[in-house]
Amino acid sequence: MALINWLKRRLVVIAGLLTLGYLLLPNVVVTVFSFNQPKGRFNYEWQEFSTAAWTDPCGVADLCGSLSLSLQLAAWATLGATVLGTMIAFALVRYRFRARGAVNSLIFLPMAMPEVVMAASLLTLFLNMGAQLGFWTILIAHIMFCLSFVVVAVKARVMSMDPRLEEAARDLYAGPVQTFVRVTLPIAAPGIAAGALLAFALSFDDFIITNFNAGSTVTFPMFVWGSAQRGTPVQINVIGTAMFLVAVLFVMAGMAIGNRRKKHKA
Amino acid sequence: MSTLTEAEAPPPLAPVPTTKPPRKRGRWTPYLLLAPGLIWLLVFFAMPMVYQASTSVQTGSLEDGYQVTWHFATYWDALSEYYPQFLRSVLYAGSATILCLLLGYPLAYLIAFRAGRWRNLILILVIAPFFTSFLIRTLAWKTILSDGGPVVGALDTLHVLDVTSWLGLTAGDRVLATPLAVVCGLTYNFLPFMILPLYTSLERIDGRLHEAAGDLYAKPFTTFRKVTFPLSMPGVVSGTLLTFIPASGDYVNAELLGSTNTQMIGNVIQSQFLRILDYPTAAALSFILMAAILVMVTVYIRKSGTEDLV
Chain A
1 MALINWLKRR
11 LVVIAGLLTL
21 GYLLLPNVVV
31 TVFSFNQPKG
41 RFNYEWQEFS
51 TAAWTDPCGV
61 ADLCGSLSLS
71 LQLAAWATLG
81 ATVLGTMIAF
91 ALVRYRFRAR
101 GAVNSLIFLP
111 MAMPEVVMAA
121 SLLTLFLNMG
131 AQLGFWTILI
141 AHIMFCLSFV
151 VVAVKARVMS
161 MDPRLEEAAR
171 DLYAGPVQTF
181 VRVTLPIAAP
191 GIAAGALLAF
201 ALSFDDFIIT
211 NFNAGSTVTF
221 PMFVWGSAQR
231 GTPVQINVIG
241 TAMFLVAVLF
251 VMAGMAIGNR
261 RKKHKA
Chain B
267 MSTLTEAEAP
277 PPLAPVPTTK
287 PPRKRGRWTP
297 YLLLAPGLIW
307 LLVFFAMPMV
317 YQASTSVQTG
327 SLEDGYQVTW
337 HFATYWDALS
347 EYYPQFLRSV
357 LYAGSATILC
367 LLLGYPLAYL
377 IAFRAGRWRN
387 LILILVIAPF
397 FTSFLIRTLA
407 WKTILSDGGP
417 VVGALDTLHV
427 LDVTSWLGLT
437 AGDRVLATPL
447 AVVCGLTYNF
457 LPFMILPLYT
467 SLERIDGRLH
477 EAAGDLYAKP
487 FTTFRKVTFP
497 LSMPGVVSGT
507 LLTFIPASGD
517 YVNAELLGST
527 NTQMIGNVIQ
537 SQFLRILDYP
547 TAAALSFILM
557 AAILVMVTVY
567 IRKSGTEDLV
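So the protein lines, in turn, are chains A and B.
Position 185 of the first sequence, counting from 1, maps to 185 under my numbering, and the rest follow consecutively.
Position in the second sequence (from 1) plus 266 gives the number in my numbering.
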């Protein structure tokens, strides 16, 4: 009875932790299997401990090439989407103009569309234009679908900004450029950074839209997809594990900076 | 950035009331700021939709080229041939969304109210998988659910597999290549999209409301039903949308964890476009999917009464 009561009181915590376990289970499996020495082509069954894949992460043909291609694409897509998205966000929050509603819908729609629909329609456009599928068509597509997410992230931050801070800067005889660079931009920076980080993650991990518009170009997710049919090298798990660790460090660093700022203000 | 500064007129000299920020610096500034991004979206998002609409009513062949012949029968043919995949997509995505809500709510609640100093760590653990390739993680489910593996073994011992087989969710003593595996993968993949909006709306709830409910002799469950859950509705609505929409168009889970009997509409669109190269049918299918989702989402938003979400 005591046990049942204890369980009852902790029900939410137990259920929540079980969900967390469900979320992290694949990451655990990926980490464990990065130390596996598979016998056949597929790395689905545990055979024997080995660090071979960790000491030679590029030991599989084309893997590191696809990885560096994905990193480059993500970097350019992030830059493009962040610049365009930040400009739109500022225009939407700071100015009243005609067709604001229409602009808002146009920003919202790409997020409310299944990826496969966007991917297929882009492909019809490229086919009709006779465009050569490859790096540029992927980049165009990635900037397109990352754009809306950047707008949303930056908009949220700029909306909560006190316009009086900028007025104060102007009262103190700061020019428009000076006000923007020294007041507006620093305050909006966390929103812009969040948007950029999101864009990077979305672009780096995108498979569906890339699959349609890549032609014969192979990004990292497409390499993984192909390897699911041909046989998955252990190195894929090594890179998966490394990405997880880097992400955890990144997010922790971001939170630490955020917390320090908060304490500073208080 | 230069467009912003160059186009600006000097700031107004008269003091402006603080409630109304100055918005009239440079009449063209907002348009210059919007132009590049909007042109991008118009050319690479809106225009492709138009192209796709026109492709869907074309006839012809890959060799001889396609002509717009307003052949609407393609829609009817596509629907009558692929309605099982459509139904399956709605069914799988719907089940995954409900499962995400049931699984995600306790975790979001835990992070918002019970986690204390563990809050940031748990949040990191929810967000971090976003940055790891989802394909690698989905492939890991092949290992987890492998035939004769511990999960399948446990389910078999507990006679869960007998029940699910009877329901048609699994086949024999296999979980891989069955609907259960696909829904499990979908639920897993889109769970963070449910947890984060739920967490955001739960976090905004004033803790004193819970105390007040307790002071008025509400039992914990009553407090949840009458106070917490209604106040978290915006999170529930945006979470379910963020889960259902991408899940209904997904073909990765059905391909990696399912079989030919678990194909969703995304798989059909993908193979029509990239393997069979029947562009009109593919475009029609993709249009039907889009229309279906827009209708469902509109109805759902109206019903749940949070129109300001969009």
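Derived by calculation from the structure, the hints in this document are not laboratory data.
A couple of the hints might just be wrong.
Stated by the list, open to error - Listed next, the in silico DSBU-like pairs over lysine-lysine satisfying Cα-Cα at most 30 Å (straight line):
#1 B:Lys569 - A:Lys8
#2 B:Lys569 - B:Lys492
#3 B:Lys485 - B:Lys569
#4 B:Lys492 - A:Lys8
Structure-based check of all given hints:
no., hint, verdict
1, B:Lys569 - A:Lys8, "34 Å, violated"
2, B:Lys569 - B:Lys492, "19 Å, holds"
3, B:Lys485 - B:Lys569, "29 Å, holds"
4, B:Lys492 - A:Lys8, "20 Å, holds"
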